[in-house]
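Chains as they are written, first to last, in numbering that gives the first Met the number 0: chain Y, 0 to 416; chain L, 0 to 416.
Heads up, a few of these hints could be off.
Chain L regions said to be covered by chain Y (calculated; three or more residues, Cβ under 8 Å) [to be verified]: (1) 185-196; (2) 205-213.
Sample of chain L residues lacking proximity to chain Y, with all beta carbon distances greater than 10 Å (derived) [as the list claims (entries may be wrong)]: (3) E15; (4) Q24; (5) P156; (6) M180; (7) F283; (8) D353; (9) F354.
Worth flagging that the hints you see were computed from the coordinates, not collected in a lab.
Nothing here was measured: the structure is a model prediction, and the numbers come from that model.
Cβ atoms here follow ideal geometry from the backbone N, Cα and C, with glycine treated the same way.
Number of protein chains: 2
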Amino acid sequence: MGDSDIRARIEEANTEALRRMLSAQPVLVDVMPLSAFDPSVTGLSLTHSGPPVTWARMSGAQRGAVYAAASYEGWAASREETDVLAASGRIRFIPNHALRGVGPMAGVVSPSMHVWVVQDKVTGKCSYSSTEYDAFFGAYDDEALDELRRWNRIIYPAIGRALRSMGGLELKPLMTQALTMGDELHSRQVAASALLAKRLAAAIVRTSSVEDAAATLTELAENELTFLPVSMAACKVTLLAAEGIPYCTVVTAMARNGTDFGIRVSSLGDRWFVAPAPDVQGVFFPGYGPGDAGPDIGDSAITETNGLGAFAAAAAPAIAGLVGSSPSELIAYSREMRAITVGTNPNFGIPQLDFEGTATGIDLRKVVQTGIAPIIDTASAHKDPGHRIVGAGTSRAPLACFQAALEAWAKQYLHQA
Amino acid sequence: MGDSDIRARIEEANTEALRRMLSAQPVLVDVMPLSAFDPSVTGLSLTHSGPPVTWARMSGAQRGAVYAAASYEGWAASREETDVLAASGRIRFIPNHALRGVGPMAGVVSPSMHVWVVQDKVTGKCSYSSTEYDAFFGAYDDEALDELRRWNRIIYPAIGRALRSMGGLELKPLMTQALTMGDELHSRQVAASALLAKRLAAAIVRTSSVEDAAATLTELAENELTFLPVSMAACKVTLLAAEGIPYCTVVTAMARNGTDFGIRVSSLGDRWFVAPAPDVQGVFFPGYGPGDAGPDIGDSAITETNGLGAFAAAAAPAIAGLVGSSPSELIAYSREMRAITVGTNPNFGIPQLDFEGTATGIDLRKVVQTGIAPIIDTASAHKDPGHRIVGAGTSRAPLACFQAALEAWAKQYLHQA
């Protein structure tokens with residue numbers, strides 16, 4: 000093929016990827032233990048965020064989450080016992096993305112922990128995400144473990160019963176509405192979480208005991224990030240639809256494990272293209288400063304990969320303080336991202352941009368050509384295990400991932416050495 | 000006193016009025032029948048929105064609401080019987096404002112109908128408002144009456160039990176948050192209604208039967224205007240604090256009954272200054288056109304009187320389509336209103352204005368001097384009884400009300416004839 004033939008082939012493939020992303024119909028269908036979502040996850044198995052990583056190279060927050068999970072599952076009685084167990088190689092560490100799932104921050108899910116399950120009604124594919132526990136920032140104290148127990152014994156089961164009785168909950172209309180209510184559906188989920196709470200409430204009452212219903216509705220009233228994992232799983236299942244298109248240069252995943260940042264590309268299968276995880280630029284919460292934060296972490300950049308989060312920052316002026324920018328800077332971010340995407344998503348109109356859609360479908364080629372790195376809204380975990388959230392801000396995806404992926408693409412499709 | 004002394008006296012009075020408005024701490028404390036809120040409302044008594052009006056001059060929507068209320072209370076079996084009863088002079092018509100309350104659209108509340116009760120923790124004063132029923136647009140068919148019964152027999156009692164068990168709900172933080180979530184707290188109440196729903200949910204479950212709790216939570220999930228009467232009562236109780244300050248030229252109420260538009264002023268007691276109610280500029284819903292709408296109606300302009308609604312329009316870009324303007328026009332409205340107010344409300348920061356507060360405390364003098372009429376977000380009722388909502392848009396308060404009030408002020412304080 001000549002150059003123009005190849006360009007046409009890529010354009011066609013990328014247009015198809017965007018079309019599939021825009022057509023997805025994510026529905027929140029259930030919550031269930033991870034071992035029920037994927038029966039291959041048994042025994043000493045733990046998932047984690049980002050590209051594959053070994054225990055030896057694992058970030059502090061992820062190691063803290065492993066301490067919490069090992070304690071929660073009863074595999075080890077202390078941090079020291081977990082260290083020995085993990086160093087022995089007996090724990091199988093699996094990236095969430097390898098299971099078609101995602102997890103915020105450390106993203107460490109054990110077999111018996113529940114996950115939110117989202118299905119795309121168009122493809123029938125399912126994805127999952129876990130709630131963002133304190134344990135996912137690396138905390139493994141009694142309070143962090145109590146949170147895991149409360150969610151998995153009371154709150155998740157109540158929500159699961161409600162969802163099954165409702166026959167699931169369509170997510171696209173809810174997400175579209177939340178974007179008109181100040182959420183960018185990554186760092187800010189206040190509106191989406193409130194909308195989710197009110198839509199589940201009656202069904203929770205009908206299917207749970209008064210005590211469990213009250214506890215669950217209290218959690219939904221107080222937790223302003225309930226929707227984060229739902230948003231993430233909706234974005235992941237949307238991007239699953241865009242995988243496996245030959246010649247396509249659309250990025251289908253961006254994820255970090257606190258050590259490495261990795262991306263995947265539609266036409267390049269399950270391969271990860273990695274570079275060191277970047278630092279987070281932003282603000283620190285009281286008691287913490289720049290020396291405390293570990294590098295960027297979490298699968299939550301799946302929201303930016305689907306045109307939300309920082310790509311939709313204009314929609315969320317209230318996060319300006321949190322991410323260290325002004326509302327007008329947020330609008331500039333949303334506009335800047337259009338230079339590196341295939342198009343925009345008319346389902347996700349942003350009021351602050353006169354209801355123009357979010358920049359959607361990151362094109363590998365455009366990132367490399369323009370040198371504009373995708374921007375990501377994010378939270379900071381501590382560099383060491385044992386802490387909760389230390390700050391929030393933005394990060395930029397490392398250009399090296401995109402350069403490596405473009406080289407691999409050229410090798411595969413242009414047969415360049 | 001010389002001119003400059005008088006000016007100083009007015010400035011001081013107006014500053015005090017604004018200070019009191021900003022200091023108010025409205026709390027949603029209960030719901031109860033109107034006759035419990037004010038025991039003087041017994042027998043054949045009905046409240047209505049706007050300044051005083053007789054049956055002979057009453058607008059179509061208000062007459063329709065009277066048909067619904069008379070039927071609901073069992074005073075009459077038909078529209079014709081109600082016509083005879085009303086024409087006989089036996090029904091006592093009371094403006095809501097005369098009872099320190101407010102009501103959306105027709106605002107026709109009968110003794111046994113429930114109202115939301117808001118108390119200002121600073122002054123101890125209470126105000127009320129009623130939910131915006133279809134009957135308040137003038138509908139009096141079986142479906143409209145069923146809505147009245149469902150609210151008053153199931154939903155209001157469930158919410159009342161919940162509120163009492165919670166010891167009330169602070170409204171200012173909720174309203175502040177809703178302004179960052181796309182509400183202007185008059186025509187758009189999507190965020191505030193969702194926040195209210197999630198905050199009440201657990202208490203509703205704990206204090207109602209499963210059946211009543213589920214019915215109530217379903218209503219709260221589906222109704223995006225639940226917070227309208229709460230917002231109105233919060234604004235009314237806030238403005239009660241600013242009443243009765245000598246020399247003060249701050250407007251403490253704007254209200255319409257579908258025939259007349261009236262205002263009240265802090266230093267001028269309970270007097271109304273009226274002019275014909277204006278037409279609504281905006282859009283019509285399917286099946287209706289310009290010839291169908293009656294003049295502007297409702298006590299809901301109390302939100303604009305407190306710096307919300309159209310004064311905060313910039314916060315709600317999603318209503319641009321509804322009120323027939325663009326998001327940038329909405330920002331212009333919010334800026335324009337600063338020319339006629341005493342100041343701004345730092346509690347009510349608008350993200351789209353870089354978190355500057357809403358223009359608050361309409362100064363009679365500035366309205367007359369600039370010729371800028373307060374703008375009001377509003378809905379349209381039909382000119383005849385028997386219809387539901389026909390459209391939405393904005394109206395402008397008639398300047399004649401402000402001129403008449405300023406003349407009365409001059410007569411009282413400058414002893415001008």
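Annotated coverage of the region 205-213 of chain L by chain Y, confirmed only when three residues or more have a Cβ within 8 Å: Holds, because 4 residues of the region 205-213 of chain L bring their Cβ atoms closer than 8 Å to Cβ atoms of chain Y.
Beyond 10 Å from each Cβ of chain Y, as asserted for F354(L): Contrary to the label, F354(L) does not stay out of reach of chain Y, its closest Cβ about 8 Å off (not over 10 Å).
Coverage of the region 185-196 of chain L by chain Y (three or more Cβ within 8 Å): Holds, because 5 residues of the region 185-196 of chain L bring their Cβ atoms closer than 8 Å to Cβ atoms of chain Y.
E15(L) remote from chain Y - nearest C-beta pair above 10 Å: At roughly 32 Å from the nearest Cβ of chain Y, E15(L) sits farther out than 10 Å, so the non-interface label holds.
Outside-interface status for P156(L) - nearest CB in chain Y farther than 10 Å: At about 16 Å from chain Y, P156(L) clears the 10 Å cut-off, so the statement holds.
Closest CB of chain Y to the CB of Q24(L) still more than 10 Å away: holds, 21 Å
10 Å Cβ clearance of M180(L) from chain Y: violated, 4 Å
Interface exclusion of F283(L) relative to chain Y, criterion Cβ beyond 10 Å: Consistent with the label, F283(L) stays out of reach of chain Y, its closest Cβ about 22 Å off (over 10 Å).
Beyond 10 Å from each Cβ of chain Y, as asserted for D353(L): violated, 6 Å
Comparing the model with each numbered hint stated earlier shows that hints 6, 8 and 9 do not hold.
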